[in-house]
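Student: Sequence:
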Amino acid sequence: MIELSEKRLEVLKSEIPIKIGNRVKEIRKQKGLTQTQLAELVGKDRQYLYKIEKAVVTPNVVTISALAIAMEVPLKEFFNIEI
Numbered sequence: 001m002i003e004l005s006e007k008r009l010e011v012l013k014s015e016i017p018i019k020i021g022n023r024v025k026e027i028r029k030q031k032g033l034t035q036t037q038l039a040e041l042v043g044k045d046r047q048y049l050y051k052i053e054k055a056v057v058t059p060n061v062v063t064i065s066a067l068a069i070a071m072e073v074p075l076k077e078f079f080n081i082e083i
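In the UniProt record's numbering, the protein residues as written are 1 to 83.
Incorrect hints may appear among the rest.
Only pairs whose alpha carbons sit at most 20 angstroms apart, straight line, appear in this in silico PhoX-like list of lysine-lysine [said to hold, decoys possible]:
#1 76 to 31
#2 7 to 31
#3 54 to 13
#4 13 to 51
#5 54 to 31
#6 19 to 29
#7 19 to 76
#8 19 to 54
#9 44 to 13
#10 76 to 13
#11 13 to 31
#12 29 to 51
#13 19 to 7
#14 44 to 54
#15 7 to 25
Honestly, the hints are just simulated from the structure, not real lab data.
Go ahead and model the full structure; you've got the sequences and the hints to work with.
Tutor: So this is what it looks like as structure tokens:
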């Protein structure tokens, strides 16, 4: 097991939202959806989806799951990132 340093935890807190936001945007575009369309599918507003894609907010697992269902992709697609 590896113990994470405070510095590494801070890096993860800043990098993971960026990577997840990038994946949301990438998959959304592959599916041919606008931010407004996807936001409506998951019951959020467009500004919130914009903030996810820009890593201003970090979505919780329920929101990421809803995005996966709406875009018909496995949940793991959002976590297929290097950390």
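Student: Work down the list of hints and note, for each, if the structure agrees.
Tutor: Status of each hint after checking the structure:
1. 76 to 31: Holds, because 17 angstroms separates the two Cα atoms, which is no more than 20 angstroms.
2. 7 to 31: With Cα atoms ~37 angstroms apart, residue 7 and residue 31 exceed 20 angstroms; violated.
3. 54 to 13: holds (14 angstroms)
4. 13 to 51: holds (16 angstroms)
5. 54 to 31: Holds, because 19 angstroms separates the two Cα atoms, which is no more than 20 angstroms.
6. 19 to 29: holds (15 angstroms)
7. 19 to 76: Holds, at about 13 angstroms.
8. 19 to 54: holds (10 angstroms)
9. 44 to 13: violated (23 angstroms)
10. 76 to 13: holds (19 angstroms)
11. 13 to 31: Violated, at roughly 28 angstroms.
12. 29 to 51: The given pair, whose Cα atoms are some 16 angstroms apart, holds under the 20 angstroms limit.
13. 19 to 7: holds (18 angstroms)
14. 44 to 54: Status holds; Cα separation ~16 angstroms.
15. 7 to 25: Judged against 20 angstroms, a Cα distance of about 28 angstroms means the pair is violated.
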